[in-house]
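Chemist: Below, each chain spelled out in residue letters.
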Amino acid sequence: MKGYMRYFGKKLIWFIITFIAAFLLNFILPRLMPGDPVAAIVARLAQGQSNASGVQAIYEQYTELFGTNEPMYTQFLLYVKNVFQGDFGFSFSQYPRSVADVLRSSIWWTVILQFPAIIIGWILGNSLGALAAYRKGWYDRLILPVSIFASALPAFGMATILLVIFGVTLKWLPTSGGYDVSMIPKLNWAYIWSVVVHYQLPFWSIVLIAIGGQAIGMRSMSIYELHADYVKYSRFLGVKDNKIVRYVFRNAMLPQITGLALALGTMVGGALIAEIVFSYPGLGTILYNGIMGQDYPLISATTLIITIMVLIATFAIEILYGFIDPRIKAAQSD
Amino acid sequence: MKKTIRQIFHSPKFVVGFCMFMFILLTVAIYPLFIKDKPLTIISQGTFVPPGIYVNVYDSLNTKPYTLMLDAAAAKRIASKLSPDDRIAIKEWLVAVGILENQIDTTDTKSLLELWGNNYDPKKQLPGMTYAKTRYYQRLNAALEGILSTEGVTIAATDTLTGTLQAKATVKQSDYVNINEVPNKRVLLLGTDNFGRDVMTEIITATGVSLLIGIIAGLIATGIGLILGLAAGYIGGVVDDIVMFFTNLFTVIPTIVLLILISFSIGQESRGPVAIAVVIGFTSWVWTTRSVRAQVISLRNRDHVSLSKLSGHPVIRIIFTDILPYIASYVFMALILQISSAILIEASLSILGLGPRTTEVPTLGLMLNWAFIYQAQILGKWWAYLPVIIIIALVSFSLNLMNTGLDQVYNPALRD
Amino acid sequence: MKRLYIVVSLVMVLGLVLAACQTATPETIIETVEVPVVQTQVVEKEKVVVQTQVVAPTEAPVAAGESLPRNETLYFNGQQWGPVKCWNPYSSNCNNALGLAAQDNSRVPMFETPYLYNMMDGKQYPLLADGDFTWNDAHTEITFKIKPAAHWSDGTPVTADDFAYTWASYIKYNTNAGNNYKDYIETVEAVDPQTVVIKAKLNEEGKAVNPLQVGHYLSGAYVIQKAWTETLEARTGGDATAFLTDVAEDVVYSGPYHKFFADETKVIFVRDDNYWGQDASMWGKLPVPKYLAHQIFKDNAAGSVALAQGEVDVSQQFNSNVQVLWENYNLPVSTYLPEPPYGIGASLPTAYYNLTSNGLDQVAIRKAIALAVDYDTIIANAMTNQSATFDQVPRSLMNPTPGEQAMYDHDAVADLQWAGNDIEGANKMLDDAGVLDTNGDGNREWNGQELHYVATCPNGWSDWQAAIEVVAAAGEKIGIDIVTNFPEWAVYQTVVTKSDAPLPEGYDIFMMWTDGAGPTQPWGRIRHLLSSEFVGQEINWNGNWGQYSNPDVDALIQAIPGETDEAKLKEMYTELVRIYLTEVPSFTLMYRPQSFHTVNESVWTGFPHQDDGTEPPVPPLDLTDGWSIAGLYNLQLVNP
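Protein chains in written order, with our numbering: chain A, 1 to 334; chain B, 1001 to 1416; chain C, 2001 to 2640.
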């Protein structure tokens, strides 16, 4: 147990260092972009303005407000102070809305879209992969190339094909938005149904590609495990096939879980294409528009969320691994 | 070596993937030898000209006509202007202006058009009828003009001296020209795009550029991944910690965000295809590093490595003789996957408007981007986007298939 | 085994490809497109068009969790991008397109202006005002009355005090409106509760600085309730920033619609059934749709799909190749005009020259490039024919509306107007001017330097990018190397609007917009294109970004606002056009509508169309801007 504690302690320290570095980068990287975000806001405000001094006044008012006239380190100190009080400041591009407000209104759409899509894609993909590995023959011959082809389709290609077939041509499913445009949202069945229907196209555009990738990975891992010595040995000992299969797939799934954790961690930016093609609300486009509008606070906050989510996910996985996979322990001992 | 290659080419998956890939590669190489048009020349005025063979009308009129007596010609001519739906619409109009329904026979073109000619008034708007419908009838009426005529049309030219029209020739309804005798024609296999560029020529150049981007990015990413992975895995200790620190850092700041940030920052003026390839390469080495490191760790305690160490061989030599050969196949497969994913990433970046600059070379992603901006997918202009999606998918599919094939050769357990 | 495998994978790939191909061909789409209700409409017997609309019974609006009734809701798209931020009419940063847009054609569903501008005839029609406004004899003051019926959403009457207090607040809090007019308007005063006087700022000679701008205020600035403004002031305690950034959910308005619901995906307005305008002195009835709903899409493509599906009734966005929707798919979609250019052009997207680049200080080179550009291809490809061609509307400084076209003498400048793609003429002009290819590399030189230019416009502005590509293509034909470059908008705008220094490298030829249609046009557009007052401005969002300077032009621009003699005005405008087409400091690339206006008649009909019989004609501005709101009163259900 002491060995574990040391192992985790070391991991934890590295996680903290990574976090600090990422936190710094999240702050600095957006601010290294060329261009002047305040000028962009003034541009929006001043369209049709015929008075020059007025424009200048607005410009100064906003640089003051956002603190972009301060040197970078002062901005950073202020940022750190505010972040630890849970305040991410104002969004430049959506001022007077605060970053927290912008994120709050869109993060649920991302979670609702991505979480089930990743989980279902993972489960279906792994089941198919395992099936292909275990049943071989026709299953394998069908599942493998289909999986490879699905994972080779670009995300927007899949999204567009689904849109054209099921949305535009067949008109089975709505093509845009998070719920019916005529509806005033309230948590009732009609609303939930509407959300579910609007959910289909973006959902499947993500899931179909994910299934392909997962199935390929799971198939390979399962086959490795099926040919591992312990399987032969167990068979030799007369252990029941069911039991062996359970072991095999549990072991094969371990690396897949890492992938799952990472996918969950990076879900924020993951659905960007689907969000754009289907005009689905969510954090991906918020982040994208933030970059286009040089909305430093918004970019920093969003990337910080991603960083934290990935760190938590990977840390959880590491801890889990330490307990369930003896091989990790072995790797650590040398 | 020979044996391995023979083995590889016995893997059906590899062979299929390889053939597809080579086919694409050869097309990219050979096509420009025969068709020398510049891919970015604007050839059509008007967007999304549909695929087909284009024959110059002016030249056709000046080409010797042949007379062919084909029975169905008139019927086809009428059908092209007057669809069954149009006939029903005509009937609706006639009923609305008070003609009895039993007097209208939609199958009898002649009587139908006579009724139409007598009762249609383009200035009249029926109550409750939408503008869209009113305009539909106006368009239909214009299209139906002279549809039953059996006369030819007269070609006239303006006399340069008097400015009056002078009849030059008559085109009969039974006149045909042989397409081979018309001097000016152009085959547009995939029509034109939103700029009016020949999609076929463009897509082939674009495939070449995208492959180049994929290969450069793949080489860079695999190179960095290999070096870092070797260093971290073999040397270990502090080097390992530092490398793993950077790998983790790159994991927690997602690649797509980094890519968008960097592409945005370097600006379009310096975003050539090579620059984009380099950016992609430098942001996608993380995964390779991790895998190489894991492989090296499992290798470094093997007997033959330990033996080399004991013999006092320098590190470089151990790496080159005792480690690299064992992971070479693995690295090669990683390279293939990196190439395929770099092509997909370029396409994604271009879709977001952050791809290479437009004027110099086409890339697959840029073609898609522009097709979508001009809404080809909604307007049914499939030739502007579908072939591009298919090419991207096929390139990526063939690479992945080759990869799977190799995997099965190197790991016999995976074979069926 | 092996063969089987190959066959399987091939069949699969082929199948996918074929399936995808099939579903995307136009033919199959046509088959599945439903032709809506219109067909049955036609069979109906002729009947008199009902002119007076029965006012819908006042019902409680739909509750949360319910759906808006389709036949009481008019759906928009293309004006609102991103979620609404606030409802504060003093703020210029609410991103509230349907509610807040005071401009040349002010958007008036929620807040109102005393007059409504109609770009079709160039006149201002009274809204809150009672009858036409009058200038005093010295032409320094405008007086107008307020309609007795006009009242706020809280029931209190709209008074002259509201007007005066609005102006005072605009100035006090330095709002956009205040900044726009403070150089031209001295004060807005209440003579009595029903009478408002606007006093112009005077120059040294005692004349109004700019009477045109004073008149513009009448249709270009909202009036806001005094009582509510005082509430807001009390709430924000005199802090100007807080005042301007208040979300103002409680705002009092005078217009027919107000906020009902807003989130990330849409914004919905609901009709105020107590709207004062149903009084006989204004519209005599309520606007027809009970709800105005604006969908928020992420790009044009999503908006086009919704328009084609009939989920959007009125679309204000660039729908590329819009005619395909009715020609190929037979959808009940239409635009203002049945044929190209489909709409009424109002602004002139323009290519500016950086007059300090090598050679671009030479008129011959500037004009030669402009002569060589193939405008027909720009219009056909970049705008998909949604612009008049330069054969239809010869180039000048005027937009294609009949009102502006009548303002200059066409014959006097006819020999200066070029239609483009004149390679021969351009080459000859360069040869004559001594701009020659002396070293035989196929490219001309000037001042011993190769002529090499970068043509640029913001990245992602698709029709502009396509246009600038065509400009670059023209250079090759006349021995001038032109390459294109598309910086991000965030970068582009900071460079172009910095007029206190020469433009940097990479901005030799660049695109910007011009003013559209409005009460001060074409004067305002010409000023923004040519006036040297903008040269040297640190942040210049006004115009003349190429930094052109000509005292004759400045004098004319100075003189026009005070001139009332029509014949003299025409002479002055003709002179400006003559100078512009001779000196070519910039050149128009295409005509662009004020707003795109495409409608789908699946549910509603009676939208503004050419020759729709409305008097005065309702402009195709999405039934929200200026006089086009009159269109909301003419709507009818296709299936009542």
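In case anyone wonders, no lab produced these hints; they're calculated from the structure. One thing to keep in mind: the hints can contain errors.
[Unchecked claim] For lysine to any residue, the following SDA-like pairs were computed, each having C-alpha atoms within a straight-line distance of at most 20 angstroms: (1) LYS186/A / PHE2260/C; (2) LYS1123/B / VAL2483/C; (3) LYS1124/B / GLU2615/C; (4) LYS2570/C / ASN2330/C; (5) LYS10/A / GLN1045/B; (6) LYS2477/C / GLN1045/B; (7) LYS232/A / TYR134/A; (8) LYS2172/C / VAL2247/C; (9) LYS2568/C / ASP2554/C; (10) LYS186/A / ALA2064/C; (11) LYS2477/C / SER1044/B; (12) LYS2568/C / GLY2403/C; (13) LYS2123/C / GLU2615/C; (14) LYS2428/C / ASP2183/C; (15) LYS1038/B / LYS2123/C; (16) LYS1091/B / ASN2330/C; (17) LYS1081/B / VAL2247/C; (18) LYS186/A / VAL2483/C; (19) LYS1168/B / ASN1180/B; (20) LYS171/A / LEU2337/C; (21) LYS232/A / ARG246/A; (22) LYS136/A / ASP1407/B; (23) LYS2498/C / PRO34/A; (24) LYS1124/B / LEU2337/C; (25) LYS10/A / LEU1249/B; (26) LYS11/A / PRO255/A; (27) LYS1110/B / ASN1141/B; (28) LYS2172/C / ASP2183/C; (29) LYS1038/B / VAL2483/C; (30) LYS240/A / TYR134/A; (31) LYS2570/C / THR2582/C.
Chemist: Under the criterion that the straight-line Cα-Cα distance not exceed 20 angstroms, is the pair LYS232/A, TYR134/A satisfied?
Modeler: This hinted pair holds, its Cα atoms lying about 15 angstroms apart.
Chemist: Sort out whether ASP2183/C lies within 20 angstroms of LYS2428/C, counting only the CA atoms.
Modeler: violated (47 angstroms)
Chemist: Verify the proposed pairing of LYS186/A with ALA2064/C, using a straight-line Cα cut of 20 angstroms.
Modeler: holds (5 angstroms)
Chemist: Holds or violated: LYS1124/B with LEU2337/C, Cα cutoff 20 angstroms?
Modeler: The hint holds at about 17 angstroms.
Chemist: Assess, step by step, whether the Cα of LYS171/A is no farther than 20 angstroms from the Cα of LEU2337/C, and give holds or violated.
Modeler: The given pair, whose Cα atoms are some 29 angstroms apart, is violated under the 20 angstroms limit.
Chemist: Are LYS1168/B and ASN1180/B close enough, with their CA atoms no more than 20 angstroms apart?
Modeler: violated (24 angstroms)
Chemist: Please work out if LYS1081/B and VAL2247/C have their alpha carbons no farther apart than 20 angstroms.
Modeler: Violated, at roughly 58 angstroms.
Chemist: Would you mind confirming whether the straight-line C-alpha gap from LYS1110/B to ASN1141/B stays at or under 20 angstroms?
Modeler: holds (15 angstroms)
Chemist: Keeping to a limit of 20 angstroms between CA atoms, is the pair of LYS1123/B and VAL2483/C held or broken?
Modeler: The given pair, whose Cα atoms are some 50 angstroms apart, is violated under the 20 angstroms limit.
Chemist: Does PRO255/A lie within 20 angstroms of LYS11/A when you go C-alpha to C-alpha?
Modeler: Given that 20 angstroms is the threshold and the Cα spacing comes to 19 angstroms, the pair holds.
Chemist: Quick one, are LYS1038/B and VAL2483/C close enough, alpha carbons at most 20 angstroms?
Modeler: The given pair, whose Cα atoms are some 16 angstroms apart, holds under the 20 angstroms limit.
Chemist: Regarding the pair LYS1091/B and ASN2330/C, is the alpha-carbon distance no greater than 20 angstroms?
Modeler: holds (17 angstroms)
In this structure, the earlier hints numbered 2, 4, 5, 14, 15, 17, 18, 19 and 20 are contradicted, and the remaining ones agree with it.
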